[in-house]
Amino acid sequence: MNLITPAEHPFAQFVRILGKGKRGARGLTREEAREAMGMLLDGKVEDTQLGAFLMLLRHKEESAEELAGFTEAIRPRLCAPAIQVDLDWPSYAGKKRHLPWYLLAAKALASSGVRIFMHGGGAHTAGRMYTEQLLEQLDIPCANDWQTVAKALDEQGLAYSYLGDWMPALQRMIDLRNTLGLRSPIHSLARVINPLGARCGLQSIFHPGYQAVHREASRLLGDHAIVIKGEGGEIEVNPDGTCHLYGTLDGVDWDEEWPALSAQRHVKPERLDPAVLAAFWRGEHDDAYGRLAVIATMATALRGLGLAREEAFAQAQQRWDTRIQSNQSIG
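The numbering of the sequence shown is full-length UniProt numbering, which starts it at 1 and goes up by one.
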């Protein structure tokens with residue numbers, strides 16, 4: 001029995017801000033978000049507070065100011081060296097309706113000289129195919145430290161890195177998904193981080209309305225970014241529908257609406273066979289949906305590097321056609 005009132009935990013204020021009833025609750029300011037995330041990363045929070053904080057954020061839906069503040073706490077703690085990167089390519093969703101054609105788009109771009117840093121958080125939801133499960137099969141190097149990332153980029157132009165290797169505290173929050181029963185806002189936050197300060201950050205946000213929030217977060221951070229509603233939540237253009245590009249560059253927002261590339265929707269495959277990807281890369285198999293998805297995804301990435309839409313598509317096709325001539329191989 002306490003006879004003296006115990007002192008309040010320093011992190012309790014942030015749980016209270018988010019959870020103080022319908023009238024009393026509010027979002028975090030950018031500064032509060034920065035401080036709260038700093039405490040989370042530094043291990044100064046109880047597990048009960050972590051779970052409450054993540055779920056209250058999830059229920060409220062995170063704001064651009066919160067995402068920016070969280071990112072500002074993360075970046076100084078990365079201890080990453082200066083590594084030249086053209087595209088930051090987060091991959092945290094996994095695919096369940098179509099094969100991950102975006103992986104071939106990234107490989108083809110890398111083979112043409114674009115330096116791509118891809119990162120993800122592992123397989124966390126049943127019934128999905130994740131980047132991490134295909135790295136070896138598609139000859140994509142997995143780098144577990146910054147030195148290996150730099151080496152892979154120099155040699156192949158493409159490096160994948162597991163979030164848990166360079167920011168384990170965030171990975172732990174993602175891994176709570178099956179404990180809490182819901183994805184936390186960390187899945188969204190990971191797309192904004194751009195840990196190596198790439199020339200352009202690509203982001204895929206599946207849920208409508210969140211794309212503009214993520215663009216605003218990147219604008220607040222001074223980043224160059226393109227946000228799309230990618231197929232299945234990955235950075236992959238669905239050629240069967242229009243694709244809206246939410247861009248920001250030098251603090252100025254821009255928008256483009258790219259029309260569908262197919263007059264009618266393609267039939268979803270009965271099952272996802274990753275062997276198809278390797279055969280398609282080698283030119284031994286054709287897939288109408290995959291061909292359009294790869295080229296459109298490459299074009300989106302090239303748009304992020306400054307090319308206009310028409311030139312981006314032309315360059316995408318040219319770079320895809322010459323992929324086999326490079327040292328990028330599969331199988």
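No wet-lab data here; the hints were simulated from the structure. Treat each hint with caution, since some may be false.
To be verified - Straight-line distance between alpha carbons at most 30 angstroms, and here's what the computed DSS-like set of lysine-lysine pairs gives:
1) K44 x K96
2) K60 x K22
3) K20 x K60
4) K268 x K60
5) K229 x K96
Predicted model only: the values in this text are computed from it and were never measured.
Hints versus structure:
1. Annotation: proposed proximity of K44 to K96 is violated, straight-line Cα distance about 37 angstroms (limit 30 angstroms).
2. For the suggested pair K60 and K22, the alpha carbons sit about 11 angstroms apart, so the restraint of at most 30 angstroms is met.
3. For the given pair, K20 sits about 12 angstroms from K60 by alpha-carbon distance, which is consistent with the 30 angstroms threshold.
4. Restraint check: the Cα-Cα separation between K268 and K60 comes to about 34 angstroms, which exceeds 30 angstroms; the hinted pair is violated.
5. Between K229 and K96 the CA atoms are separated by roughly 15 angstroms; this keeps the pair inside 30 angstroms, and the hint holds.
Hint check: violations occur at hints 1 and 4; the rest are consistent with the structure.
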